[in-house]
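**Q** Chains W and Y, in that order, give the protein sequences.
The opening residue of the first sequence carries number 1 in full-length UniProt numbering; numbering runs sequentially from there.
The opening residue of the second sequence carries number 1 in full-length UniProt numbering; numbering runs sequentially from there.
FYI, nobody ran anything at the bench for these hints, they're computed from the structure.
A quick note: this is a predicted structure, and the numbers were derived from the prediction, not measured.
A portion of the hints provided could be inaccurate.
The list treats identical chains as interchangeable, and a pair is accepted whether it falls inside one copy or across any two copies.
[As the list claims (entries may be wrong)] List time: in silico DSSO-like cross-link candidates among lysine-lysine, alpha-carbon distance up to 27 angstroms:
1. K215 - K17
2. K153 - K37
3. K211 - K121
4. K93 - K204
5. K27 - K93
6. K218 - K17
7. K176 - K27
8. K308 - K176
9. K218 - K305
10. K209 - K153
11. K121 - K17
12. K345 - K93
2 protein chains.
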Amino acid sequence: MSLPTQTKQFLLAAHPKAEVNPSEQFKLVTNPIPDLKDNQVLLKVRYLSNDPAQRGWISYHPAPERLYVPPVQIGEVMRAGAICTVLKSTSSKFKEGDSVVATAGWTEYAVLPADQCTPLKQVEGLSETHYLGALGLTGMTAFYGLSVVRASKDDDLIVVSGAAGATGSLVVQIAKHLIGVKKVVGLAGNDSKCRWVESIGADKCINYKDKDWRKQLKEATQGNVDVYFDNVGAPILDAVMARMKTHGRIAACGAVANYNAGEGAEPVRNWFEVISSRLEIRGFIVFDGAANFGEYTSRLVEGWKAGKVQISDEGETVIPTSFESIPQTWLKLFAGANQGKLVTKLT
Amino acid sequence: MSLPTQTKQFLLAAHPKAEVNPSEQFKLVTNPIPDLKDNQVLLKVRYLSNDPAQRGWISYHPAPERLYVPPVQIGEVMRAGAICTVLKSTSSKFKEGDSVVATAGWTEYAVLPADQCTPLKQVEGLSETHYLGALGLTGMTAFYGLSVVRASKDDDLIVVSGAAGATGSLVVQIAKHLIGVKKVVGLAGNDSKCRWVESIGADKCINYKDKDWRKQLKEATQGNVDVYFDNVGAPILDAVMARMKTHGRIAACGAVANYNAGEGAEPVRNWFEVISSRLEIRGFIVFDGAANFGEYTSRLVEGWKAGKVQISDEGETVIPTSFESIPQTWLKLFAGANQGKLVTKLT
């Protein structure tokens with residue numbers, strides 16, 4: 001097979017302030033592929049990870065120095081995690097045909113230093129796409145977030161928002177099946193998602209689009225909440241704050257409901273609860289937990305082998321996508337179209 | 001001296017939803033004083049404590065069971081801490097003429113169980129009114145709040161809002177002189193207060209009514225903030241959130257700026273900072289720290305004797321007040337009229 005000499009790429013053309021309009025914010029170009037230097041690999045991108053965090057990486061930020069990772073600059077390839085095949089290698093670490101996980105971005109082919117690639121050690125019976133989800137940063141986020149707020153089997157009740165999403169659905173399973181929390185309540189955006197969240201371990205999942213969801217939340221949280229794993233921000237955050245136990249703990253993971261809202265983002269109105277219920281709130285970033293990723297992965301694989309944790313096709317939404325349609329598949333994240341991890345399969 | 005047989009009292013007449021209007025919310029009545037049962041004391045109220053928390057105790061709450069103390073009910077005496085003289089006692093714990101601290105409320109005379117009164121052990125050279133302030137719950141709040149967020153001499157920078165208020169002015173002094181934090185920055189509402197806050201130990205105090213206060217805050221927080229002691233809530237909270245260090249800690253003590261705002265209370269708009277800077281936020285209530293009050297009081301008195309901590313007339317605003325004017329003096333709290341603790345001296 002002759003190696004490719006050029007690659008299509010999506011570059012960031014403008015920082016979106018609110019809703020993303022792909023034709024304004026992304027520019028499709030074709031660029032030559034550079035020759036390999038020492039210790040590099042030429043990668044063919046096969047799957048792309050779709051993550052709410054990507055929205056933050058391309059936002060307009062008045063103070064970009066305050067971000068936990070540098071933002072994507074105008075003219076750079078749109079950043080994304082990917083599963084790739086090594087086409088050529090000048091590194092002893094990889095050989096042609098190897099599968100790797102790397103932040104290749106929205107590109108057909110990429111040249112990267114070998115030390116920026118992680119070998120994909122496939123577990124028999126598990127689709128490799130799960131290395132973008134349950135066994136990738138998504139699963140690590142769920143595990144690390146629960147550890148930051150010291151979730152334990154002594155907790156009576158954990159609530160998780162975005163419970164049918166990539167991270168939320170793993171939080172449900174880790175909390176219930178691996179940590180042993182007594183009761184897990186999820187919040188998700190439609191009935192079918194809710195039933196799925198219950199099928200993987202939630203004692204109850206509430207559709208926050210129901211008119212009476214606040215009443216349902218109150219009923220499902222009698223005795224009040226030890227830990228809230230927040231994936232969505234206000235206004236659901238406000239509602240759960242009002243249901244916390246005294247000294248309850250909140251893991252602030254994300255605010256996907258507000259990522260596309262720009263200055264219209266929903267503010268937090270229930271701050272008084274932080275004081276009167278003496279809440280502990282902990283913001284966290286998955287990378288802070290890197291020292292534990294090996295342990296988390298082992299526990300997830302063991303839990304899967306023991307039949308406790310589902311790592312299955314139902315826990316991901318894999319969408320076959322032409323290169324030109326990458327942005328449209330990514331935008332499905334913010335429309336709540338996915339159940340579990342949203343993965344782009346390049347066709 | 002013959003003992004009084006009746007007492008004036010202010011009862012709560014209505015729960016204010018926003019601004020307090022004394023003629024609507026409080027009702028002045030005269031009631032007979034009951035006879036003493038066993039282990040009770042008859043008290044004459046001499047000084048009243050004025051505290052932002054009182055505003056919360058009388059608010060309309062859709063969910064009063066969520067409050068950290070039961071709210072004041074319609075028809076009950078308005079709750080307030082007080083310094084009182086024992087006029088009569090059926091308890092071996094107190095005798096006529098003793099000074100005590102007790103939650104007597106807005107009343108001339110009160111009959112209370114002896115075990116709800118704390119003997120006022122006056123330190124020579126310190127006015128007894130400080131037992132409502134630096135050596136009372138105010139000082140305990142400052143000390144305990146700093147301990148909840150683990151303020152230590154390893155911290156480079158602490159920011160305190162409401163820095164000229166009762167709690168804030170003690171936070172400044174405890175942080176700088178007793179804990180040994182390297183730099184303390186205050187926020188207060190006028191230039192004269194700011195100069196006083198600097199005189200008691202702040203390296204810098206910013207007038208948040210200055211047009212360029214955000215710029216001043218940015219300049220004063222180069223290197224970013226380890227600990228923020230929040231007495232006021234949003235929008236100052238938002239501005240300081242954007243200046244925190246990664247893993248910075250916030251002690252959520254109060255939100256005085258919003259206590260009278262009802263549904264117009266300022267929401268928190270900078271939640272994204274909680275995640276991206278991995279903030280730790282801790283709501284707290286002074287009563288949770290009761291086990292340490294003895295230690296805190298000793299350290300404050302020692303610090304005062306060593307000339308490190310000012311416990312002086314400048315740290316309190318004592319307003320001679322007729323019984324009928326108690327609500328008007330209390331309202332000065334929310335107008336920012338006081339420097340240090342606001343104490344009502346009944347005339």
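**Q** Each of the hints needs a verdict: does it hold here or not?
**A** Hints and how they fare:
1. K215 - K17: For K215 and K17, only the inter-copy Cα distance (24 angstroms) is at most 27 angstroms; the intra-copy one is 34 angstroms.
2. K153 - K37: Close neither inside one copy (51 angstroms) nor across copies (49 angstroms); limit 27 angstroms.
3. K211 - K121: Result: close neither inside a copy nor across copies, 46 angstroms intra and 58 angstroms inter.
4. K93 - K204: So K93 and K204 fail the 27 angstroms test inside a copy (46 angstroms) and across (55 angstroms) alike.
5. K27 - K93: Classified as neither; 34 angstroms inside a copy, 82 angstroms across copies.
6. K218 - K17: between (35 angstroms within a copy, 24 angstroms between copies)
7. K176 - K27: neither (44 angstroms within a copy, 54 angstroms between copies)
8. K308 - K176: within (9 angstroms within a copy, 53 angstroms between copies)
9. K218 - K305: neither (36 angstroms within a copy, 53 angstroms between copies)
10. K209 - K153: Neither. Shortest intra-copy (30 angstroms) and inter-copy (49 angstroms) distances fail the 27 angstroms Cα cut-off.
11. K121 - K17: Classified as neither: same-chain Cα gap 39 angstroms, cross-chain 61 angstroms, threshold 27 angstroms.
12. K345 - K93: So K345 and K93 pass the 27 angstroms test inside one copy only (26 angstroms; across, 79 angstroms).
Going down the numbered hints, you'll see the structure goes against 2, 3, 4, 5, 7, 9, 10 and 11, while the others check out.
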